[in-house]
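Taken in sequence, the protein lines are chains A and B.
In the numbering used here, each number is its position in the first sequence, counted from 1, plus 670.
In the numbering used here, each number is its position in the second sequence, counted from 1, plus 2.
Please note: incorrect hints may appear among the correct ones.
What the hints assert, rightly or not - As a list, the in silico EDC-like pairs of lysine to aspartate or glutamate whose alpha-carbon atoms are at most 20 Å apart:
#1 Lys120(B) x Asp734(A)
#2 Lys197(B) x Asp713(A)
#3 Lys156(B) x Asp734(A)
#4 Lys197(B) x Asp894(A)
#5 Lys881(A) x Asp894(A)
#6 Lys46(B) x Asp60(B)
#7 Lys120(B) x Glu149(B)
#8 Lys15(B) x Glu149(B)
#9 Lys197(B) x Asp215(B)
#10 Lys132(B) x Glu149(B)
#11 Lys156(B) x Asp777(A)
#12 Lys165(B) x Asp60(B)
#13 Lys197(B) x Glu159(B)
#14 Lys197(B) x Asp60(B)
#15 Lys132(B) x Asp216(B)
Keep in mind the hints are simulated off the structure, nothing from the lab.
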Amino acid sequence: MSDSSLRLVWVYPDLLSTYGDQGNALVVERRARQRGLDVMRIDVRSDQPIPTSGDIYLIGGGEDRPQRLASERLRRDGGLNRAAENGAIIFSVCAGYQILGHEFINDLGEREPGLGLIDVVSTRGEGERCVGDVLADIDPRFGLPQLTGFENHQGITHLGPTARPFARTVIGRGNGTGDGTEGAYNDTVFGTYMHGPVMARNPQIADLLLKLALDVNALPPTDDRWYEALRNERISSASQPA
Amino acid sequence: MSGNSEPLTPRAKLAVTAGRAAAAVSRAAGRGSGSVIGGRVALKLDPDLLGRLAQHLDVVLVSATNGKTTTTRLIAEALRAAGPVVSNALGANMPAGITSALAGGSDARFGVIEVDEKYLAGVARDVTPKAIALLNLSRDQLDRAAETRMLAEKWREGLAGSKAIVIANADDPLIVWAASSSPTVVWVAAGQEWKDDAWSCPSCGGVMQRPGDDWFCGECGFRRPAPSWVLNGDYVLDPHGSAWPIRLQLPGRANKANAATSAAVAACFGVPPQVALERMYSVQAVAGRYDVVSFMDRELRLLLAKNPAGWLETFSLIDPPPTPVILAVNARGADGTDTSWLWDVDYTRLAGHPIFVIGDRRLDLAVRLEVAGLDFRVCDTVDEAVRSAPPGRIELIANYTAFQDVRRRVGN
């Protein structure tokens with residue numbers, strides 16, 4: 671952590687903040703403050719440079735054209751790649767997840783290069799959009815409870831040899847590859863298709879990012895009864911046949 | 003139909019009759035007004051019926067993400083100064099519902115029609131409107147994949163050949179993009195509090211600059227057009243520079259914006275602003291919205307907010323703290339089944355209000371309010387929320403199906 675405050679960077683809200691993913695930044699900030707940390711939240715618009723000294727970077731989902739524009743501007747800027755080289759924690763959702771991979775299909779139907787921070791390649795599915803509640807088991811090395819989220823995408827994301835799946839789906843499509851994977855990560859760079867927003871449904875992921883950023887194994891406990899109530903309801907709702 | 007033009011063809015007459023019969027059956031079976039089923043039956047028998055019904059009318063179409071139903075009502079009241087009006091006042095705003103409404107107005111001179119955003123271009127082709135009012139576009143029901151900018155693009159393509167006068171909000175870049183393909187546009191500076199769907203230039207994708215009330219794209223020069231009508235506080239300035247007071251029973255800035263746009267529409271039909279605005283005062287509640295009801299010996303004001311932009315405008319019109327507020331959120335089909343949008347709403351604006359949370363998705367809202375650092379109480383029913391609320395009139399804000407649930411319960 672740099673200086674005395676946690677630097678939380680919210681990347682390109684003007685382009686990638688369509689599906690309530692700003693909630694991830696709100697939850698991380700809230701949970702950091704509940705642990706007595708000072709938080710500096712930095713919202714970076716796409717005509718501004720990405721700071722390279724952030725501790726945690728969050729990127730949300732967006733529509734197809736803004737996704738292409740965001741990828742172009744992030745490649746040109748280079749700041750997020752430099753931050754990753756410095757060991758920053760990066761967590762991305764949906765369109766943002768695809769941008770962090772090697773390439774994805776843009777709004778013009780063409781292959782658009784991404785930032786190559788996660789070893790994945792995304793294409794576009796031919797069938798129906800994946801829309802609905804998801805339930806998945808997170809990679810056991812993180813020791814986190816089940817992942818609950820809402821997916822709304824048409825992407826298919828293939829993992830390369832160095833990426834690990836973030837979770838295995840119990841219900842829902844996740845990466846859309848049919849192999850049951852959902853999301854991916856390389857070191858401290860994470861991607862998921864989960865909205866909800868995902869941190870509101872899984873505050874333990876926000877805590878995971880904080881622990882990685884602070885380089886600690888545990889955080890003081892918080893009163894999580896509303897999160898728990900919501901999790902229980904969503905998990906039980908997803909488990910019931912529609 | 004008014005006898006000043008060619009009568010309906012026998013086929014169209016048959017279609018209207020069959021539609022009415024189907025609607026009557028549906029009503030008798032207790033399935034609502036029957037307007038949608040009636041319209042579907044009629045359109046099946048005569049696919050061109052909508053156009054035929056409209057050809058005897060001077061039609062204005064109204065579309066937007068928020069404020070369609072209210073603005074349709076305000077325009078209808080204004081135009082009644084000049085002649086009988088037929089309108090889909092209950093908000094059945096897709097082709098079947100519109101057909102049904104028009105079939106019921108055989109003596110009308112004006113058709114004032116609310117149109118669902120996705121159907122605007124098609125309905126505009128079918129009914130050859132004299133005017134089209136476009137209020138605002140913002141994120142709504144995103145799990146249906148209705149991307150906001152794509153919608154603006156479809157409007158732009160659909161309206162390019164229209165002969166209608168387009169009355170459009172100069173303060174919403176997406177609306178300006180959609181409308182500026184039309185040959186005749188009357189720009190109204192109607193304001194738009196919500197800005198988060200228009201930071202990216204709809205034309206070139208550049209980043210929008212938004213100093214004060216102005217906006218422009220720093221890259222391609224796409225910019226706010228000079229308005230000829232301007233909403234200025236409680237007044238609307240007409241193109242001649244005269245300021246007309248807006249006095250409404252409906253609350254809030256957004257309804258003043260709706261009234262300003264309605265006055266500009268009325269002027270296209272020869273109704274002067276003074277007359278139009280005076281008539282709008284009579285509108286008290288629109289399909290239950292803004293209604294103040296008495297329930298369990300308490301007063302409740304019922305407010306509908308379906309999406310982030312709607313919630314933002316609603317927060318600006320409620321009574322100040324310590325007025326109690328009940329929030330009701332569902333996520334059924336008509337609402338969109340994703341609740342992520344709650345995180346685009348700035349609930350810290352409710353600080354100081356006692357807050358009570360109900361609805362199918364009250365736990366989503368509870369987490370949202372917890373993260374916003376607000377005090378709140380989660381209740382199982384509207385009865386429990388009303389019982390728990392401290393004294394004073396209660397503001398109840400609900401999204402679509404939650405609003406209907408509340409109306410049923412409070413007997414409105």
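Now the hints, each set against the structure:
no., hint, verdict
1, Lys120(B) x Asp734(A), "holds (19 Å)"
2, Lys197(B) x Asp713(A), "holds (16 Å)"
3, Lys156(B) x Asp734(A), "holds (16 Å)"
4, Lys197(B) x Asp894(A), "violated (33 Å)"
5, Lys881(A) x Asp894(A), "holds (17 Å)"
6, Lys46(B) x Asp60(B), "violated (25 Å)"
7, Lys120(B) x Glu149(B), "holds (11 Å)"
8, Lys15(B) x Glu149(B), "violated (39 Å)"
9, Lys197(B) x Asp215(B), "holds (11 Å)"
10, Lys132(B) x Glu149(B), "violated (28 Å)"
11, Lys156(B) x Asp777(A), "holds (16 Å)"
12, Lys165(B) x Asp60(B), "holds (13 Å)"
13, Lys197(B) x Glu159(B), "violated (23 Å)"
14, Lys197(B) x Asp60(B), "violated (34 Å)"
15, Lys132(B) x Asp216(B), "violated (29 Å)"
Violated hints, in rising order: 4, 6, 8, 10, 13, 14, 15; the structure is consistent with all others.
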